[in-house]
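Enquirer: Produce the complete structure using the sequences and hints provided.
Just so you know, the sequences run in chain order A and B. Numbering-wise (this note's numbering), the first sequence opens with residue 180 and increments by one. Numbering-wise (this note's numbering), the second sequence opens with residue 15 and increments by one.
These are computed hints drawn from the structure, not numbers from a lab. Using N, Cα and C, we set each Cβ at its ideal position, and we do this for glycine too. Where hints are given, some of them may not hold.
Here are a few chain B residues that face chain A, going by a calculated C-beta distance under 8 Å [claimed, not checked]:
1. Asn65
2. Val74
3. Glu75
4. Ser82
5. Asp166
6. Asp218
7. Arg222
8. Leu228
9. Glu287
10. Ile304
Derived coverage of chain B by chain A (criterion: at least 3 residues anywhere in the stretch with Cβ under 8 Å from a Cβ of chain A; other residues may be distant) [as the list claims (entries may be wrong)]:
11. 172 to 184
12. 262 to 276
13. 279 to 285
Read off the chains here:
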Amino acid sequence: MKALNIIIIIIFTIISNFSFSQCNDQLVNVCALDNNGATYIKDFKVKLKKAKKKESAPVAKYQVALSKNTNYRFNSCNATEFAGEAIIQLFDYEQMLGSTYNMSTGKNYKGFDFYCKKSGVYNVYISFKDGEEGCAVGILSFVGKEY
Amino acid sequence: MKKKLLSLLSAVVILAACNSSTQSDVTQELQIPDSVKNGKPLQISEEVMDNMIQNISSPVEIASLIRSTGMPFSQKYICKPDDIKKYDSNFKRAVGLGILGADLGYLNMYNKTGSVLSNLSTIKSVADELKIGQFFDFSTLKRLSVNNENLDSLIFISTQSFNNMDSYLRENDRTSISALIVTGLWLEGLYIATQVVKENKHKDLAERVGDQKLIINDLLIILKNYKSDPNFASLIADIELIKVKYNDIKITYTKGEPEAIEKDGMLVIVQNEISNVEMTDQQLNDIISITESTRAKLISL
Chain A
180 MKALNIIIII
190 IFTIISNFSF
200 SQCNDQLVNV
210 CALDNNGATY
220 IKDFKVKLKK
230 AKKKESAPVA
240 KYQVALSKNT
250 NYRFNSCNAT
260 EFAGEAIIQL
270 FDYEQMLGST
280 YNMSTGKNYK
290 GFDFYCKKSG
300 VYNVYISFKD
310 GEEGCAVGIL
320 SFVGKEY
Chain B
15 MKKKLLSLLS
25 AVVILAACNS
35 STQSDVTQEL
45 QIPDSVKNGK
55 PLQISEEVMD
65 NMIQNISSPV
75 EIASLIRSTG
85 MPFSQKYICK
95 PDDIKKYDSN
105 FKRAVGLGIL
115 GADLGYLNMY
125 NKTGSVLSNL
135 STIKSVADEL
145 KIGQFFDFST
155 LKRLSVNNEN
165 LDSLIFISTQ
175 SFNNMDSYLR
185 ENDRTSISAL
195 IVTGLWLEGL
205 YIATQVVKEN
215 KHKDLAERVG
225 DQKLIINDLL
235 IILKNYKSDP
245 NFASLIADIE
255 LIKVKYNDIK
265 ITYTKGEPEA
275 IEKDGMLVIV
285 QNEISNVEMT
295 DQQLNDIISI
305 TESTRAKLIS
315 L
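Expert: This is how it looks when you write it as structure tokens:
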């Protein structure tokens, strides 16, 4: 019986590890190449815990340098093992420029294109809808010069 | 039942052993090259460093912009991989790896399969010397480069290999190597862009050259963390010379609110705040010249 318990614990640990790996490079590969021809620039791997009661949803923050007159694509893919659905928001300092989540309709897009007209450093925030625990990858891609 | 349990346990142990052997291989390569490690604490936090390093423009973008100007590919813009193969210190190798990375972006964008292979082979050998060769799956990259239909995959895997290598270096107390790679990447990208602008004063590309004023300060802050190393001190002095040429270039902004539209089912955000680079022809020519001389010095290290 003791041996059985040990085996269960080991199997659980291994399965947990395999699940975790699903939201890393494997998911990046799928997400970056299923992007309607946009060219991959970088990825953001995000794993966040469920929000505590009465607290706002945890957020992962990244910075990206974007260039003028360039069309970029931000998109995300969620690991199926977790309930969380990733929301990507793009900020220029304090000003939110865009988000995959439309608060008025409740619709969460898979991604959005951003036509940049101001070269500079921008903040990318990734969180999970309703503060659910989640694991996802965000992808920044280069679409082209026109939008 | 006992037999089944034993078989299951054996399978689990084998799986676990496979997993741990991979981790052990990677751990053995966690050696910090002594030529660039000064042992002193960083003047800025690792988090700020990480953000700054991530903000250096992607070589793919610059290469794509160059291709969009309609200028043909030119081998003379890129360095000879054999020159970098000869580098005999980790400092030189790290800078060289960045240079090769920028050249790879340019070669990939023009689909220059033969040169890509030679470039990748040198990247692999230089990365091996730096003990970060595990991030380059050379056989897959080679297979993709000889099959033109897989250009997207080739660009993706080579860019991702560089990104993963960079993350690994920063997570494993080898940020100095990462800083050198990024410097090589940035300088070679600037060099290729300025060489193209020299032949064709394409407005967007010239503006991108001017935009580097936003990046050069961050790059210097990163490098100055290691200024006690004589090699870094010399590199900082070279980059400072480029910075001087950017001093009088002005970047102004025209305010505007972003707008969101839906196009073919896709959400599109259009930014209406605009940056403008104010740069004279003389200033641009000065940047072209200083970039040429700095890059020449760097590749002849």
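Enquirer: All hints are to be evaluated individually against the structure, with a verdict given for each.
Expert: Going down the list of hints, with the structure as the test:
no.: 1; hint: Asn65; verdict: 4 Å, holds
no.: 2; hint: Val74; verdict: 6 Å, holds
no.: 3; hint: Glu75; verdict: 5 Å, holds
no.: 4; hint: Ser82; verdict: 5 Å, holds
no.: 5; hint: Asp166; verdict: 7 Å, holds
no.: 6; hint: Asp218; verdict: 6 Å, holds
no.: 7; hint: Arg222; verdict: 6 Å, holds
no.: 8; hint: Leu228; verdict: 6 Å, holds
no.: 9; hint: Glu287; verdict: 5 Å, holds
no.: 10; hint: Ile304; verdict: 21 Å, violated
no.: 11; hint: 172 to 184; verdict: holds (count 4)
no.: 12; hint: 262 to 276; verdict: holds (count 5)
no.: 13; hint: 279 to 285; verdict: holds (count 6)
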